[in-house]
Amino acid sequence: MDITTKMPHQSWGQKYHIKTLSLVLLTVGLVLLSAQVSGVDLAMFFTNIDQFTNLLVRMSHPDWAYVTIIWQPILETLQMAIIGTTIGTLFAVPFAFLAASNIVKNSWLHGLVRFFLDLVRTLPDLLLAAIFVAVFGIGSTAGVVTLAIFSFGMISKLFYEVIETIDDGPIEAMESVGANKLQVVHMAVLPQVLNPFISYFLYTLEINVRASTVLGYLGAGGIGVYLQRSLNEFDYSQTAAIIIMTLVVVLVINVLSDYLRERLV
Amino acid sequence: MEKSPELEIKKGYYDRYGWLVWALIILVVYGWALKGLKLSGIQASAGSVSKSILAGIFHPDWAYVYNGSGEDLVSLILQTLAIAFLGTIISAFISVPFAFWAARGGHEKWRLRSGSGKLVLTLIRTFPEIVLAIMFIKAVGPGSYAGVLAVSVHSVGMLGKLFSEAIENMDNGAEEAIVSVGGNASQVFMLATLPTIMPEFISYTLYRFEIAVRSATILGMVGAGGIGTPMLFAIQTRNWPRVGIILLGIVIMVLMIDSLSGQLRKKLV
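Quick note, the sequences are listed as chains A and B, same order.
Read in order, the letters of the first sequence correspond to residues 1 to 265 in full-length UniProt numbering.
Read in order, the letters of the second sequence correspond to residues 1 to 269 in full-length UniProt numbering.
Hints are computed from structural coordinates only; laboratory data are not their basis.
Mixed in with the good hints there might be a few duds.
Claimed, not checked - Here chain A is said to cover these stretches of chain B; the calculated rule only asks that three of the stretch's residues, wherever they fall, bring their Cβ under 8 Å from a Cβ of chain A:
id: 1; segment: 146-159
id: 2; segment: 244-257
As the list claims (entries may be wrong) - Pulled from the structure, derived: some chain B residues nowhere near chain A, Cβ distances all over 12 Å:
id: 3; residue: Leu-20
id: 4; residue: Leu-24
id: 5; residue: Gly-68
id: 6; residue: Gly-105
id: 7; residue: Leu-112
id: 8; residue: Glu-129
id: 9; residue: Ala-139
id: 10; residue: Ile-178
id: 11; residue: Ala-185
id: 12; residue: Gln-187
id: 13; residue: Leu-191
id: 14; residue: Ile-197
id: 15; residue: Arg-238
id: 16; residue: Gln-263
The C-beta atom is built at its ideal place from N, Cα and C for all residues, glycine as well.
Based on the sequences and whatever the hints tell you, model everything.
Shown next as structure tokens:
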């Protein structure tokens, strides 16, 4: 018997890759439809490319003198991110415990809490900023509230996933030697969740530092206000200086937070 | 009960007092942040404005949902999805060469190559998306096209990173098998590398699409098409019922896309 030369049986559909082909066709169809809806016109990009390169050339000469002016708003942006992330985290902790299925056994209740958190997470940061500028007026208050809500949605999800993965062993061990609820939380739950909590807090702070640099574009304080001004005045050398400075700050925060998070693990 | 001395674990000075240093650093950071922040205080109208926003959200402007003009909620939501979809697909193709550039290979001498690739991807990721959108508006005029271009470029920063990590963690078994039966480089790529890596690439692209949908909703605020433009206009003109219906539309769109893409990704992995 020549088993070696026998090919495994393929159905007609498998042989001609019907499933893959139809998925590819569907994707191509959606791409063409999207291109039509969004009015993509390749030729237009290349006829206007000189405007784009002109802009890049002007941006490649950053206005270094401007750095002394924007230093303060950049620090303000950082302060907004720190306070906003902290407020969001403080609100997120109780919700994270409510959403964790090993803490709240009632599936109806933690399902409801999770749906609420899902709703909060659907709203993009700039959209929240636009609304809070209307409520609180132009200034960093709107930015702090935006970042607080944005990080609340993110942190609560990350935290409840941490809480759900904790090991029951230490809790049982503490209970078996007669510890009370407070001692169990202090000696068995906290040591397990504290490091991932701090790590996720720093991660969210990183994202918020990046997000906070553009919030000011809609009036929510920080460096974004200057970004908008320079763009409106077509002063691209100032825009370039702002972007480079925010890049530096974001990179420094990333390196710092990576270093701290590596020490935690 | 007396403690037996040999059970005591010796602690160094750092273990015993290290937390004090950290506490001090944290205190200083928060002191600085709170002191420097000029919280302007809440303006007098804040209460009445939030009340009208809530009223608007609970009494949305249903007439805006569809009126056949092409400027209604459904058309603009579809336009937003089109921007996110097209931008993500384009950026997935651009990301592949970047990913191979940034992925660390087995050889030490390539550190410079992968390091430089990773740095470029970080720079792209950190460049604010709305500034990109404004730059593309200069080139192609305001509208969805600029939004598509902004999403295409900005997404490369994250997709390239995710793709390169997928390449680094790839199982080399299939590649080695093709090499061992005498396949050439293009056969190795077509028959081993691509099939191994494809599910992860598609999964990451879908994940990035979820994020792109959110950013496409705000790109309109700087004039790059989609639902963001009427949203900002409605906020600025205090048309809260209009804001309410647009918020509702965005929330439903994002929830639907997230669950659809989540199910597809579960099937893939």
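Now the hints, each set against the structure:
1. Residues of the segment 146-159 of chain B lying with their CB closer than 8 Å to a CB of chain A number 3, which satisfies the three-residue condition for coverage.
2. Check result for the segment 244-257 of chain B against chain A: holds, 5 residues qualifying (beta carbon to beta carbon below 8 Å, three or more required).
3. Once the 12 Å rule is applied to beta carbons, Leu-20(B) is consistent with being away from chain A; the minimum gap is 17 Å.
4. For Leu-24(B), the requirement that its beta carbon stay farther than 12 Å from each beta carbon of chain A is met, with the minimum near 15 Å.
5. Remark: the non-interface label on Gly-68(B) is consistent with the geometry, its nearest Cβ contact in chain A lying 16 Å away (cut-off 12 Å).
6. Taking the minimum C-beta to C-beta distance to chain A, about 23 Å, the non-interface status of Gly-105(B) holds against the 12 Å cut.
7. Consistency note on Leu-112(B): stated as away from chain A, and its beta-carbon is indeed over 12 Å from all of that chain's, at 19 Å minimum.
8. Non-interface status of Glu-129(B) relative to chain A is broken: a Cβ of that chain comes within 12 Å, the nearest being about 8 Å off.
9. With a minimum CB-CB distance of about 4 Å to chain A, Ala-139(B) fails to clear the 12 Å threshold, and the non-interface call is violated.
10. The claim that Ile-178(B) is not at the interface with chain A holds, since no C-beta of that chain comes within 12 Å of its own (minimum 18 Å).
11. Interface exclusion of Ala-185(B) from chain A stands, the closest Cβ pair being 23 Å apart, more than 12 Å.
12. For Gln-187(B), the requirement that its beta carbon stay farther than 12 Å from each beta carbon of chain A is met, with the minimum near 18 Å.
13. No beta-carbon of chain A is positioned within 12 Å of the beta-carbon of Leu-191(B); the least distance is around 14 Å.
14. With a least beta-carbon separation of about 15 Å from chain A, Ile-197(B) lies farther than 12 Å from that chain, consistent with its non-interface assignment.
15. Arg-238(B), annotated as away from the interface, has a beta carbon of chain A within 12 Å; the closest lies near 7 Å.
16. Every CB of chain A lies more than 12 Å from the CB of Gln-263(B), the least distance being 15 Å, so the non-interface label holds.
Of the hints listed earlier, those the structure fails to meet are numbers 8, 9, 15, in rising order.
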